Amino acid sequence: MESPYIAIVDDDRSVRVAMGRLCRAYGMSTRELASAHALVDSLAERRPDCVILDLQLPDCEGLDVDEWLRQRGIELPLIIITGRDDAKRSSEHVVLPKPVDDTTLIAAIRNLLDGG
Amino acid sequence: MSKNRVSRIAWLAALALGYYIAVRLGLSFRFQNSIIGVVWIANGVLLAALLLTPIARWPWVLAITAVTHVAAMLPDAPLWRALWQIGINTTLTTTMALVLRRFAGLPLTLSTRRQVLVHTTAAFVLAALVAWGTPVVVRSALGLESTYTPVVAWLRVALSNWAALLLITPVIVLWGQHGLAPLERMTSRAMLEGVAIVICLLSVGFVLFGTGSEIARFPALLMLIFPPLLWAAVRLGPLGASTALLGIAAVSAWGTAGQLGPFVGFSDATKVLSLQLFWITMSTPILLLAAVIRERELAESSLVTLRQHLMHATRVATAGELSGALAHELRQPLTAILSNAQAARTLLDRGSADAGELRSILDDIAQQDRYAADVITRLRSFVQEREPHFERIALDAVVRDALALTKALIDRSGVSVEADLPADVPQVWGDSVQLVQVVLNLMLNACESMNHTPVGERRLRVQIARNDTHFVELVIEDRGDGLPLGAQDRVFEPFFTTKETGLGLGLAIGRSIVTAHGGRLSGENNEGRGATFRVLLRATA
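If you read the protein sequences in the order shown, they are chains B and R.
Going by the numbering used here, the first sequence opens with residue 1, and the numbers climb by one from there.
Going by the numbering used here, the second sequence opens with residue 1, and the numbers climb by one from there.
One or more of the hints may lead you astray.
Label-pair restraints from in silico Cβ distances [unchecked claim]:
| id | chain 1 | residue 1 | chain 2 | residue 2 | range |
| --- | --- | --- | --- | --- | --- |
| 1 | R | 312 | B | 107 | 45 to 53 Å |
| 2 | R | 367 | B | 113 | 27 to 35 Å |
| 3 | R | 349 | B | 37 | 49 to 57 Å |
| 4 | B | 107 | R | 313 | 41 to 49 Å |
| 5 | R | 420 | B | 75 | 42 to 50 Å |
| 6 | B | 67 | R | 540 | 50 to 58 Å |
| 7 | B | 107 | R | 310 | 30 to 38 Å |
| 8 | R | 348 | B | 92 | 55 to 63 Å |
| 9 | R | 305 | B | 92 | 54 to 62 Å |
| 10 | B | 107 | R | 305 | 51 to 59 Å |
| 11 | R | 350 | B | 92 | 27 to 35 Å |
| 12 | B | 37 | R | 310 | 41 to 49 Å |
| 13 | R | 350 | B | 113 | 18 to 26 Å |
Which residues of chain R face chain B? A few of them, derived with a C-beta cut under 7 Å, are [as the list claims (entries may be wrong)]:
| id | residue |
| --- | --- |
| 14 | 112 |
| 15 | 146 |
| 16 | 328 |
| 17 | 331 |
| 18 | 335 |
| 19 | 339 |
| 20 | 340 |
| 21 | 343 |
| 22 | 346 |
| 23 | 347 |
| 24 | 348 |
| 25 | 368 |
Taking lysine to any residue pairs in the SDA-like style, the calculated list, with each CA pair at most 20 Å apart, reads [claimed, not checked]:
| id | chain 1 | residue 1 | chain 2 | residue 2 |
| --- | --- | --- | --- | --- |
| 26 | R | 499 | R | 467 |
| 27 | R | 499 | R | 410 |
| 28 | R | 407 | B | 42 |
| 29 | R | 407 | B | 84 |
| 30 | R | 407 | B | 35 |
| 31 | R | 271 | R | 410 |
| 32 | R | 407 | B | 34 |
| 33 | R | 407 | B | 11 |
| 34 | R | 407 | R | 392 |
| 35 | R | 271 | R | 212 |
No lab work stands behind these hints, which were simulated from the structure alone.
Everything numeric in this text was worked out from a predicted model, so none of it was measured.
Think of the CB as a built atom: it goes at the ideal place given N, C-alpha and C, for glycine as much as any other residue.
Construct the complete structure from the given sequences, taking the supplied hints into account.
In structure tokens:
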């Protein structure tokens, strides 16, 4: 089976680089992106199997990332990571608080890929 | 023998010596035809000794001075008379020391009006009462001595003791409490002023009391003594004032005894009386003035302390507002560190680690650790309670610090910052933490005021520029709600706020900080949207 392709979107370079390393260490291939716009632009090239998305991106308002994507007709398996305390929301997506432990993150990715 | 005991014995020996000199000086300082001293220095010394020692040690003080008194008096007076005097002096000084203890409070610093008034009143009342019991007064009343009438004898004894208690005791007590510490603490500027005051006092003293009798033709010239005395009282406190008074008393006594100065034309009796009245009338107002000034200085300094506490408290409150954003800011490097470490560990576990990748992972971890440490250090130095520290500072560094502290919050608010911070702007004289507090507060207000502004239009412009030759201007411009119409300057009033949370102290404290820096903080609405705040600070160059 081909290794899963994960897009990591975080405006903080150090975070997206580190998470990319982590995913690659677990045998996944990754693409690191700085903004939601960059994610949309990258979709034409290759559609990721899963997106790890920081909640607070400069170009999306507040918590409405998935709404923002949906408006553009994009439905993707999303894992939302957040450094904010007020991110308790009833999302259909997985929301993980920063810092994220590798077992939690990898399990969440596998779960999504298995169609869970 | 313990060091403590040695110093106690040395203290008592010094007391005996001082008291002996005081008695002999008092005895020698009598004008012709007088058997009563002009100023009975010994009682001033004894009262000071009692005020400087705990009651438990009073018996020692009284015993030593009694023995010394007899030894010093015997050449001039019979034993019974010396013993009688000891009884009277002990009564006067112990009563007065107890009264001061009870009503003025010890240590006697003469730095409150209460202490000066209690000291002066007690001296007048007690010395007046006790004088009735002295040998010379009682024996005059009984017709056993005929130099004076009883009332004149009483007045002379009372005056002699008043002069001692008002002039001698304060000087010994105040110097005895502080030693030379006040001189060591003086800045070189204060020292220079002290020297100038001493020179003025001595010159005026010598002009008035050391230049022949012509001065007696111009009695108003005696007023010349007041400017340097007032100067001493205002600038040198109770210690300086009481020392200056004693200095003037000494110069005037020296001149009058040498047949110089304004009192020479009078009879001996009037001369002494004039001298004593001159001293006594000078001392109370001058000591009182010094106390009033000291009270005011203390009130002012406690106000300054209070203001510092308030500034600190508002900094802590601001840090509280920032805490959510700062927690996020710290979670970023922590997230990166954790993921990097776990990635490295996984690579090692799977045997797929190469040295180059591990090295760059470790480098990143170290860098992110330093970044987190910087965030904490910056916050820590912002909230730390500290003494103000004024120095030459670069305003652009202040703005950068404030921007770093608010970075997380600004990012979260979707505000874009446009900073124009040229490095060639002159430095300003100020306290960097206080100025960061001002700038930070203005930035937070600006961000908050833009909550209703569409995200793409939330812009914060921060600019510093040389205003003219003397000032540097910091401009903070937002695209927010602006200042409340009709109340644009009220935003600087304490407790005025348009926010749902917050005390309304930020701008009031900001303005008081800038004003204390010799600058100006103002705010106005923009032509279009938002408000602009300007901080003008004096350039150092």
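Hint by hint, here is what the structure shows:
no. : hint                      : verdict
1   : R:312 x B:107: 45 to 53 Å : holds, 47 Å
2   : R:367 x B:113: 27 to 35 Å : holds, 32 Å
3   : R:349 x B:37: 49 to 57 Å  : violated, 37 Å
4   : B:107 x R:313: 41 to 49 Å : holds, 46 Å
5   : R:420 x B:75: 42 to 50 Å  : holds, 44 Å
6   : B:67 x R:540: 50 to 58 Å  : holds, 53 Å
7   : B:107 x R:310: 30 to 38 Å : violated, 51 Å
8   : R:348 x B:92: 55 to 63 Å  : violated, 37 Å
9   : R:305 x B:92: 54 to 62 Å  : holds, 57 Å
10  : B:107 x R:305: 51 to 59 Å : holds, 57 Å
11  : R:350 x B:92: 27 to 35 Å  : holds, 33 Å
12  : B:37 x R:310: 41 to 49 Å  : holds, 46 Å
13  : R:350 x B:113: 18 to 26 Å : holds, 19 Å
14  : 112                       : violated, 53 Å
15  : 146                       : violated, 99 Å
16  : 328                       : holds, 4 Å
17  : 331                       : holds, 4 Å
18  : 335                       : holds, 4 Å
19  : 339                       : holds, 4 Å
20  : 340                       : holds, 4 Å
21  : 343                       : holds, 4 Å
22  : 346                       : holds, 4 Å
23  : 347                       : holds, 5 Å
24  : 348                       : violated, 9 Å
25  : 368                       : holds, 5 Å
26  : R:499 x R:467             : violated, 32 Å
27  : R:499 x R:410             : holds, 18 Å
28  : R:407 x B:42              : violated, 28 Å
29  : R:407 x B:84              : holds, 15 Å
30  : R:407 x B:35              : holds, 18 Å
31  : R:271 x R:410             : violated, 82 Å
32  : R:407 x B:34              : holds, 18 Å
33  : R:407 x B:11              : holds, 14 Å
34  : R:407 x R:392             : violated, 25 Å
35  : R:271 x R:212             : holds, 15 Å
In this structure, the earlier hints numbered 3, 7, 8, 14, 15, 24, 26, 28, 31 and 34 are contradicted, and the remaining ones agree with it.
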